[in-house]
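Participant: Each chain is listed here by its residues.
Protein chains: 2
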Amino acid sequence: MGEFDLIRRHFQHALQPAGVALGNGDDAALLAPAPGCHLAVSTDMLVEGRHFLPTVDPRALGHKALAVNLSDLAAMGARPLAWTLALALPRADDAWLAALAAGLLALADAHGCALVGGDTTAGPLNLCLTVMGEVPAGQALRRDAARPGDDVYVSGQLGDARLALEVFRGRCEVPAATFARARRRMEWPQPRVALGLALRGVARACADVSDGLLGDLGHILRASGVGARIDAETLMQSAAVSDDVRALPKPLALTCVLAGGDDYELVFSAPAAAREAVQAAAQAAGVAVTRIGAIEEPAAGAAGTARLVDAQGRPYRVPDGAHLAGFDHFA
Amino acid sequence: MGEFDLIRRHFQHALQPAGVALGNGDDAALLAPAPGCHLAVSTDMLVEGRHFLPTVDPRALGHKALAVNLSDLAAMGARPLAWTLALALPRADDAWLAALAAGLLALADAHGCALVGGDTTAGPLNLCLTVMGEVPAGQALRRDAARPGDDVYVSGQLGDARLALEVFRGRCEVPAATFARARRRMEWPQPRVALGLALRGVARACADVSDGLLGDLGHILRASGVGARIDAETLMQSAAVSDDVRALPKPLALTCVLAGGDDYELVFSAPAAAREAVQAAAQAAGVAVTRIGAIEEPAAGAAGTARLVDAQGRPYRVPDGAHLAGFDHFA
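Chains A and B supply the protein sequences, listed in that same order. The opening position of the first sequence corresponds to residue 1 in this note's numbering, with each subsequent residue numbered one higher. The opening position of the second sequence corresponds to residue 1001 in this note's numbering, with each subsequent residue numbered one higher.
No lab work stands behind these hints, which were simulated from the structure alone. Since we're looking at a predicted model, the values are computed, not measured. Honestly, I wouldn't trust all of these hints.
[As the list claims (entries may be wrong)] With the C-beta cut set under 8 Å, the calculated list includes, among others, these residues of chain A facing chain B: (1) LEU22; (2) ASP44; (3) ASP72; (4) LEU73; (5) GLY112; (6) GLU134; (7) PRO136; (8) GLN139; (9) ARG142; (10) ALA145; (11) LEU165; (12) VAL167; (13) ALA207; (14) ASP208; (15) ALA223; (16) VAL309.
[Unchecked claim] Restraint-style ranges between C-beta atoms, simulated for each label pair: (17) B:TRP1096 / A:PRO35: 40 to 48 Å; (18) A:PRO17 / B:LEU1324: 49 to 57 Å; (19) B:GLY1201 / A:LEU324: 57 to 65 Å.
All residues carry an ideal CB built from backbone N, CA and C; glycine is no exception.
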């Protein structure tokens, strides 16, 4: 089977939204964003052995590869429009590719996001996706827009993906049903696209939680030149933490919630006056959001760092054994 | 050195053209194409051992990785605007990365194309680039626009990159100076961006020659539902073939010119009435173009194939030993 046949066979789909003037098959695709819209662009690369295991279900892999990219668009408040896929494959395995394509295309279709181009080559397994979305000029949820006094929120629940990873790594044991649920959260993340759209004009700064809450919030704080207070005790007791994660030994639970990557929830700031609007946006998008702290003036020389506090507002004592640094591939 | 430091150190550059509303550093970049413009998007993936050798000069690798993508924009008549880079690296080698970045950024700067995002991960060496360019709506040089009676042209010279590859593979021997020149053509291709822009409104269909002339012309013919006549003898004697390639044994010379990949020239069609305009565009862009045949009504059941003719218009007899099929990674 030739390269072009392979692509044609598995990645054919008819979706061509209004914003796509020319889809796959030319030297380049042509996008036509709506007048007045900016185009949000994000790229991610997934490597076997690093981001997924050789034994991964290819359908889940396809889903996740696109989900993590759509999550970046969600964090900008952008509506998904189109994506490209570059694939390096050790061999052309028909059944594997069919499942990968099914996972990718099902999520793309669910978000009206058209596959408009790509590349396929032989090589160690690697998926590289670029997604493009529309957002009205001036309405994007940028990282540099947080202001002192803003509330800080997270969507959904944090830590389940890391819980699953810790079980895979043999570092903790949990009941089978708990593991199955956590694993599903890790392998089938749901990008918060609807929430990102609903937060346009409501939230100020936003990022997605891919590397861990403190790391991704840190991106917002540094870009905005501010600090933040995170109510650690309140957060750990809130609806933003599942019972399964809360049942873990405390240091591990904190690690999962504050530094666990792969959640693909949104962390965002919004003015205190917007509390009702934030909850209305969350309701419209069908996902819970939890207020977990506030943006502050930066401490002297410490813009970009969040401080953890207890229920009384005192410095939170992080128990020994919690690992709260952001995830860094080359650290 | 951490992942973010590594990117910041080597890939910082200040270029932010008018069409880039927000560059690197957020969940997504924001592009603002000029009003009335479409955005052309293309993606390529380069894998060590497949597209380049481990011993490659990283500066040349950087140049070529971006050049092949800009070549796709050139083939659409699009003006480069922005690009993203995803990198999988076996290790963080500072000197190697500095050279790679220098090669990439020098070409990006030369074309006013801003690096707006990317991803870095550990893994087998892999570069995936996505480029984005602007083209006024309706003016893109699409593959499906060729019409019977159009002339067929190629830019520059064909076959030198393949000549270098054949020497690397030990299949032929040439003087050192010949090899050095051919190798430079293979490793430092110049994307025909200026020509693509000059051909807006002049050419009809266009593609870049990445897989070989017959293969890439075939894409145009199939997309347009037409055939073509290529004057093989005339072509081989024309300025579109270097003296070095012409001096090769004839079967090999034909292979290099008609099926050699990696030239990154443009193959395009234009109405016969536009001959002067085509030459004026070529002159404005500073690159020669050569007329090598014509678009024809498709032979019964044979849309998409070109026929080779001799100087008298008779079927050209391809000598034994010439390999004229398109390049296919999984064939």
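Participant: Any hints from earlier that this structure breaks? Give me their numbers in increasing order, please.
Facilitator: Result: hints 5, 6, 7, 8, 10, 11, 12, 16, 18 break, sorted rising.
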